[in-house]
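Protein chains in written order, with the numbering used here: chain A, 1 to 292; chain B, 293 to 530.
There may be inaccurate statements among the hints.
[Said to hold, decoys possible] Covered by chain B, according to a simulated footprint, are these stretches of chain A (three or more residues, beta-carbon under 8 Å):
1) 93 to 106
2) 152 to 165
[Claimed, not checked] Here are some, though not all, of the chain B residues that point toward chain A, as calculated from beta-carbon distances under 8 Å:
3) Val369
4) Gly372
5) His375
6) Met386
7) Thr387
8) Leu394
9) Met397
10) Asp401
11) Ala420
12) Arg442
[To be verified] Over 12 Å on every C-beta distance to chain B, these chain A residues come out as not near it, computed from the model:
13) Glu55
14) Val58
15) Pro59
16) Gly62
17) Ile73
18) Leu86
19) Trp113
20) Pro121
Just so you know, these hints were derived from the structure itself, not from any lab.
Even glycine gets a Cβ: it sits at the ideal position worked out from N, Cα and C.
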Amino acid sequence: MDLFIHQVLAGLATGGIYACMALAIVMIYQAIHHLNFAQGEMAMFSTFIAWQLIEWGVPYWGAFFLTIVVSFIGGVVIERTVFKPLHNAPILAHIVAFIALFAIFNSVAGFIWDFTIKSFPTPFGQESLFGSGLMGAHDAGMIGVTLVLLVLLFLFFRNTRVGLSMRAAASNPDSARLVGVRVGWMIALGWGMAAAIGAVAGMMIAPVVFLEPNMMLAILIYGFAGAVVGGLTSPGGAVIGGFAVGIIENLAGTFIPVVGSELKLAIALALIVTVLMFKPTGLFGARIVTRV
Amino acid sequence: MSDPLLKVTGLQGWYGRIQALYGLDFEVPDKGVVTLLGANGAGKTTTLRALSGMIQTAGEISFAGQSIAGKVTEDIVRLGIAHVPEGRGTFTAMTVEENLQLGAMTRSDTRAIAEDIERAYAYFPRLAERRGQQAGTLSGGEQQMLAISRALMLRPRLMLLDEPSFGLAPLIVEELFAILVDLKEKEGLSMLVVEQNAALALEIADEAYLIETGRLVMSGPAQQIGSDENVRRAYLGY
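Could you build the full structure based on these sequences and the hints that come with them?
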């Protein structure tokens with residue numbers, strides 16, 4: 001039983017990473033109805049920016065918020081320069097652009113900061129909580145940050161006019177234009193917010209996995225898994241999905257002898273497929289009821 | 293005679309490379325109701341979409357003395373043209389109240405917006421009962437009421453209505469048009485109504501235009517058009 005609880009808590013800790021990433025994925029999905037493959041690399045690049053700022057002597061929280069702002073602007077600029085011209089292009093063109101972004105961010109990061117592994121500071125400290133070694137302070141802090149982000153997003157989409165406009169632009173662009181919503185800018189805003197959330201995810205994840213250009217590869221897949229399991233239309237679902245993936249991965253790795261650590265990724269992917277088979281919109285995805 | 297609110301001259305419109313409108317001229321007087329009649333595919337919806345800047349156009353469109361040809365939809369809305377689109381354009385995943393708030397997207401007078409929402413509920417009490425409900429779950433008639441209310445939230449000077457009676461039960465249609473008459477008479481709202489149900493549209497309109505394959509073939513006072521035996525048989529089908 002002790003082992004079980006221990007593994008669940010450890011799963012919750014890694015799940016926090018996936019939940020954070022899943023949140024960024026849902027954000028961009030809301031805006032453009034595609035999964036952005038370059039999301040992880042954008043987050044990684046943001047994290048390097050934060051690392052560089054800290055190296056230059058900027059205090060942690062200064063670097064943290066500056067990175068969020070820079071990432072937001074970067075996201076908006078990417079949408080305006082790359083994806084706005086592609087607006088009416090077929091999906092495959094978007095996918096090619098995602099892959100190009102992926103490669104560009106990955107190699108530019110390697111070019112500027114090289115591929116050696118760097119440690120990234122945590123603002124929460126390294127000691128373990130409750131003195132039991134079950135969960136580290138950083139893990140708890142990361143979960144807290146994810147939940148705060150989730151609440152902020154929820155309030156933003158429910159209670160602000162911009163949030164309402166963004167939802168309108170995503171769900172019915174033509175109608176949104178007819179009430180005066182500037183749909184193009186809402187999409188750009190979605191990109192900016194996704195990049196900013198990704199930056200937060202990256203800065204929370206980096207102390208755990210260490211900073212290097214390929215740090216997001218596996219995490220992006222787990223993040224996708226979390227987002228899809230929870231429902232791509234539901235930020236709350238995505239966070240729960242992220243935690244679920246973390247816990248299931250850990251429990252399977254511990255209690256199913258054949259799985260071990262090699263098959264953990266396979267478990268995540270099997271989970272995606274299973275959920276999609278039974279609930280195509282994810283566990284918490286909105287089923288939109290329509291009467292005609 | 294005062295200047296018309298909307299004056300369209302030589303309006304052409306395209307869907308991609310296919311031309312759908314071939315030089316329309318028509319006017320909507322201030323506080324007047326004009327209807328555009330014609331068969332399926334004649335270009336009625338296209339005309340409204342052209343006015344809202346949703347398709348590529350050529351020709352002159354002047355609204356309240358200002359040229360709006362070539363402007364983007366979002367800017368045209370801000371001048372006070374509300375468009376109730378074909379198929380109602382409901383934001384299905386949002387609540388009734390959120391749909392109404394979106395209608396007032398371009399306004400910033402929070403208190404007046406709240407008042408207008410209550411006013412919409414007064415016109416359509418059934419929406420008030422369902423204010424927290426997902427709009428996609430409303431019946432067709434209720435969604436049409438919501439679409440009109442959403443358009444009114446703009447406090448428009450001109451409302452474009454695309455087939456408001458489409459797919460609705462006769463009783464609901466009657467209720468809806470009674471409210472449109474109210475809006476015309478009490479609020480002095482100008483409207484351009486596209487309808488397949490010509491008899492209905494001619495009842496509330498002052499002027500009518502007949503459109504056939506992207507060209508206007510006849511125009512005149514609504515009463516006169518409605519009582520012309522030949523026109524009725526040839527174009528209106530009743």
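Against the structure, the hints come out as follows:
1. Check on the stretch 93 to 106 of chain A: 0 of its residues sit with their Cβ under 8 Å from a Cβ of chain B, so the three-residue criterion for coverage is violated.
2. For the stretch 152 to 165 of chain A, the stated coverage by chain B is satisfied: 3 residues place a CB nearer than 8 Å to a CB of that chain, which reaches the threshold of 3.
3. The closest approach between the C-beta of valine 369 of chain B and any C-beta of chain A is roughly 4 Å, which is under the 8 Å cut-off, so the hint is satisfied.
4. The restraint placing glycine 372 of chain B at the interface with chain A is violated, with a minimum CB-CB distance near 11 Å, outside the 8 Å limit.
5. Using the Cβ-Cβ criterion of 8 Å, the hint placing histidine 375 of chain B at the interface with chain A is satisfied: the shortest such distance is roughly 5 Å.
6. About 7 Å separates the beta-carbon of methionine 386 of chain B from the nearest beta-carbon of chain A, less than 8 Å, and the hint is met.
7. Below 8 Å, beta-carbon pairs count as interface contacts, and threonine 387 of chain B has none with chain A, the closest being about 10 Å; its hint is therefore violated.
8. Given the 8 Å rule on beta carbons, the hint for leucine 394 of chain B holds: about 5 Å separates it from the nearest Cβ of chain A.
9. Because the closest C-beta pair between methionine 397 of chain B and chain A is about 5 Å apart, less than 8 Å, the hint holds.
10. For the restraint placing aspartate 401 of chain B at the interface with chain A, the shortest Cβ-Cβ distance is roughly 12 Å, beyond the 8 Å limit, so the hint is violated.
11. Look at alanine 420 of chain B: its Cβ only gets to about 19 Å from chain A, farther than 8 Å, so that hint breaks.
12. This hint holds: arginine 442 of chain B has a C-beta 7 Å from the nearest C-beta of chain A, less than the 8 Å allowed.
13. A cut-off of 12 Å between C-beta atoms confirms that glutamate 55 of chain A is not in contact with chain B; the least separation is 44 Å.
14. For valine 58 of chain A, the requirement that its beta carbon stay farther than 12 Å from each beta carbon of chain B is met, with the minimum near 37 Å.
15. In this structure proline 59 of chain A is separated from chain B by more than 12 Å, as the shortest Cβ-Cβ distance comes to about 38 Å.
16. Separation of glycine 62 of chain A from chain B is adequate, the least Cβ-Cβ distance of about 34 Å exceeding the 12 Å criterion.
17. Against the 12 Å criterion, isoleucine 73 of chain A stays outside the reach of chain B, whose nearest CB is about 23 Å from its own CB.
18. With a minimum CB-CB distance of about 18 Å to chain B, leucine 86 of chain A clears the 12 Å threshold, and the non-interface call stands.
19. With a cut of 12 Å on Cβ distances, tryptophan 113 of chain A stays outside the contact zone with chain B, its closest approach being about 41 Å.
20. Non-interface call for proline 121 of chain A relative to chain B: holds, since the shortest CB-CB distance, roughly 41 Å, exceeds 12 Å.
The structure is inconsistent with the numbered hints 1, 4, 7, 10, 11, although it conforms to all the rest.
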